[in-house]
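Novice: Using the sequences and the hints, build the whole thing.
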Amino acid sequence: MSANSKIEWTDHTFNPWIGCTKVSPACDHCYAERSTPSRTLGVAWGAGQPRRRTTPANWALPLRWNVHADTFMAMHGRRQRVFCASLADVFDNEVPDAWRADLFTLIAATPNLDWLLLTKRIGNAHRMIDLTMDAIDRAQAAGKTTVVRGPWPWPNVWLGATICNQEEADRDIAKLKRVPARVHFVSMEPLLSAVDLGLCDCDHGSIPAPHNAGGVTCPKCNGTGGRMLDWVIVGGESGPEARPMHPDWARGLRDQCQAAGVPFLFKQWGEFCEQDDGVGATLLCQEGDPDYHSEAAKCAAFISHAGHVVSSMDDSEPGVRYRGMLRPGKKAAGRQLDGRTWDEVPT
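Residues 1 to 347 in full-length UniProt numbering are what the sequence shown spells out, letter by letter.
Derived by calculation from the structure, the hints in this document are not laboratory data. Quick caveat, the model's predicted, so the values are computed rather than measured. It cannot be assumed that every hint is accurate.
[Claimed, not checked] Between beta-carbon pairs, the in silico distance windows are: (1) L61 with G339: 46 to 54 Å; (2) G143 with D97: 44 to 52 Å; (3) P318 with T341: 50 to 58 Å; (4) V320 with R79: 41 to 49 Å; (5) P25 with A297: 29 to 37 Å; (6) Y31 with D130: 27 to 35 Å; (7) P56 with P180: 26 to 34 Å; (8) L61 with G329: 24 to 32 Å; (9) V320 with T341: 27 to 35 Å; (10) H76 with A259: 25 to 33 Å; (11) R138 with R182: 18 to 26 Å; (12) G143 with A174: 35 to 43 Å; (13) H293 with A44: 45 to 53 Å.
[Said to hold, decoys possible] Pairs of lysine-lysine, DSS-like flavour, derived with a Cα cap of 25 Å: (14) K267 with K331; (15) K6 with K330; (16) K267 with K177; (17) K6 with K267; (18) K330 with K267.
Ideal Cβ placement from N, Cα and C applies to all residues, glycine included.
Specialist: This is how it looks when you write it as structure tokens:
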């Protein structure tokens with residue numbers, strides 16, 4: 001799926017600057033902080049630390065991708081997607097407003113690219129976008145740019161929020177939806193708990209999920225379910241300090257998306273994966289289960305649905321059922337869920 005990126009759901013990755021501050025449990029083992037560019041450039045993470053703007057040559061790349069839009073469309077039958085930013089956050093308070101204005105000017109100058117702006121600071125987005133639009137207008141009035149921006153929301157900007165648990169979902173999805181955007185999405189990687197996304201926001205209860213099941217369309221929302229999101233990406237954590245993801249957390253999100261008609265993309269298991277493949281996998285692991293000792297010996301970790309992780313069942317909570325997890329590493333664990341690859345993307 002990727003052209004110039006190893007990330008499965010994008011074609012290109014663009015970092016206008018490097019550096020960030022950890023603001024979520026998902027940030028605990030931040031890959032960006034440990035990345036080669038961060039270490040090579042000596043970028044320090046944290047509040048009050050300067051962000052490092054990337055080179056003019058890097059900033060020129062999206063213009064090149066934009067020029068080749070017809071070739072890409074002929075090969076793939078769709079537009080190019082650009083993830084911004086993997087080593088930073090567009091809506092970081094530490095970033096100068098002028099840099100953000102430069103970024104959005106570049107986005108406006110590349111209308112053939114779909115820009116996926118993914119943030120852990122969705123609460124900043126509305127205010128910062130408004131300020132950035134004003135800055136672009138002032139630059140145009142002063143003759144400092146020839147880029148003419150259209151009214152917001154722009155058709156080539158997808159806006160996403162990173163969510164790792166129920167608390168963040170409850171807090172940030174509403175904030176995300178308050179910012180106008182062509183596509184609203186969430187990236188749930190690393191997924192650290194079960195999450196109810198509340199994808200169907202319709203109080204007309206006579207139509208079961210899917211919201212237009214059996215050929216009967218809801219008279220209130222016309223079968224859309226008042227859809228809260230346009231796309232959901234889910235993945236487990238990778239890296240040496242990775243935390244396992246309970247398989248049913250991912251399945252639950254997939255099932256929510258299927259019921260609401262929301263595209264679902266399963267990015268990866270991460271460092272850990274379940275023992276078996278498919279819904280028939282052994283969900284329980286405790287003394288008395290069939291082949292308990294032989295099966296438990298294969299596992300590197302055990303996780304309860306509530307997210308309690310232990311390396312040995314001797315440390316498990318009494319009366320709580322755990323799921324045994326293997327640790328084959330990201331590549332071997334793969335990205336299939338129940339025997340198939342989930343690569344659904346909004347069209």
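Novice: Now tell me, hint by hint, if it's right for this structure.
Specialist: Now the hints, each set against the structure:
no., hint, in the structure
1, L61 with G339: 46 to 54 Å, "violated (37 Å)"
2, G143 with D97: 44 to 52 Å, "violated (20 Å)"
3, P318 with T341: 50 to 58 Å, "violated (38 Å)"
4, V320 with R79: 41 to 49 Å, "holds (47 Å)"
5, P25 with A297: 29 to 37 Å, "holds (30 Å)"
6, Y31 with D130: 27 to 35 Å, "holds (31 Å)"
7, P56 with P180: 26 to 34 Å, "holds (31 Å)"
8, L61 with G329: 24 to 32 Å, "holds (31 Å)"
9, V320 with T341: 27 to 35 Å, "holds (32 Å)"
10, H76 with A259: 25 to 33 Å, "holds (29 Å)"
11, R138 with R182: 18 to 26 Å, "holds (25 Å)"
12, G143 with A174: 35 to 43 Å, "holds (40 Å)"
13, H293 with A44: 45 to 53 Å, "holds (48 Å)"
14, K267 with K331, "holds (12 Å)"
15, K6 with K330, "holds (13 Å)"
16, K267 with K177, "holds (23 Å)"
17, K6 with K267, "holds (11 Å)"
18, K330 with K267, "holds (11 Å)"
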